[in-house]
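K.L.:
What follows is the residue order along each chain.
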Amino acid sequence: ETAVFQTPNYHVTQVGNEVSFNCKQTLGHDTMYWYKQDSKKLLKIMFSYNNKQLIVNETVPRRFSPQSSDKAHLNLRIKSVEPEDSAVYLCASSPGAGNTLYFGEGSRLIVV
Amino acid sequence: AQSVTQPDARVTVSEGASLQLRCKYSSSVTPYLFWYVQYPRQGLQLLLKYYSGDPVVQGVNGFEAEFSKSNSSFHLRKASVHWSDSAVYFCAVSPNNNRIFFGDGTQLVVKP
Numbered sequence: 001e002t003a004v005f006q007t008p009n010y011h012v013t014q015v016g017n018e019v020s021f022n023c024k025q026t027l028g029h030d031t032m033y034w035y036k037q038d039s040k041k042l043l044k045i046m047f048s049y050n051n052k053q054l055i056v057n058e059t060v061p062r063r064f065s066p067q068s069s070d071k072a073h074l075n076l077r078i079k080s081v082e083p084e085d086s087a088v089y090l091c092a093s094s095p096g097a098g099n100t101l102y103f104g105e106g107s108r109l110i111v112v
Numbered sequence: 113a114q115s116v117t118q119p120d121a122r123v124t125v126s127e128g129a130s131l132q133l134r135c136k137y138s139s140s141v142t143p144y145l146f147w148y149v150q151y152p153r154q155g156l157q158l159l160l161k162y163y164s165g166d167p168v169v170q171g172v173n174g175f176e177a178e179f180s181k182s183n184s185s186f187h188l189r190k191a192s193v194h195w196s197d198s199a200v201y202f203c204a205v206s207p208n209n210n211r212i213f214f215g216d217g218t219q220l221v222v223k224p
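Chains as they are written, first to last, in our numbering: chain A, 1 to 112; chain B, 113 to 224.
Since the hints were derived computationally from the structure, they do not count as laboratory data. Bear in mind the structure is a predicted one, so any value in this text is a computation, not a measurement. Idealized CB from N, CA, C, for every residue including glycine.
Listed next, the in silico PhoX-like pairs over lysine-lysine satisfying Cα-Cα at most 20 Å (straight line):
no. : chain 1 : residue 1 : chain 2 : residue 2
1   : B       : K136      : A       : K44
2   : B       : K136      : A       : K41
3   : A       : K36       : A       : K24
4   : B       : K136      : B       : K181
5   : A       : K71       : A       : K52
6   : A       : K52       : A       : K24
Facing chain A, according to a computed beta carbon distance under 7 Å, are these residues of chain B, among others:
no. : residue
7   : Q154
8   : G155
9   : L156
10  : L158
11  : V200
12  : F214
13  : D216
14  : G217
Derived coverage of chain A by chain B (criterion: at least 3 residues anywhere in the stretch with Cβ under 8 Å from a Cβ of chain B; other residues may be distant):
no. : region
15  : 37-46
16  : 103-110
Sequences and hints are given; from them, build the entire structure.
P.N.:
This is how it looks when you write it as structure tokens:
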């Protein structure tokens, strides 16, 4: 049963455009994450948000910014996309440290 | 520093055969250990997890994993695979904080 919802599922855009991905979880979890999954299926954490505290991965380019209105929502904005941003972006939530991650189905971005 | 190694990028087995997917970790403390599965065009789903106690843990769909502190390993096993088990399998570790580290994944191909 899906409890982490991502929109859109798929998005094609041109270099330089702005893109936003939305994520909502209905599990009541305090912690949410954004992961980037490349074409080789490698997972890299981008951001985590725990009780209004944002933890940023230092290797994430500054054109990426997370946005959260409350603990159930964590959106991802990309200001000016680059070709290397083409990937699947996975949102996840968890009850807290060391606990199971619950993933959404992903948002696939293709930059042309 | 924490890390996870899945030495096999791709494993091919025949339907009905037994399976072992390898995972080794490096951690300064005994971490929480997880196996996740990702079916095509979906997010990751938890198969099983280990916190403490019996080193052999049972998961969904007949999967089990065995924790070995001496070998720093958490290998995944299944006695008899089905074609529907074809997917990417990720081992993950979480020390006692809010970070989760994923391995690079193992693509499992089950031949009919």
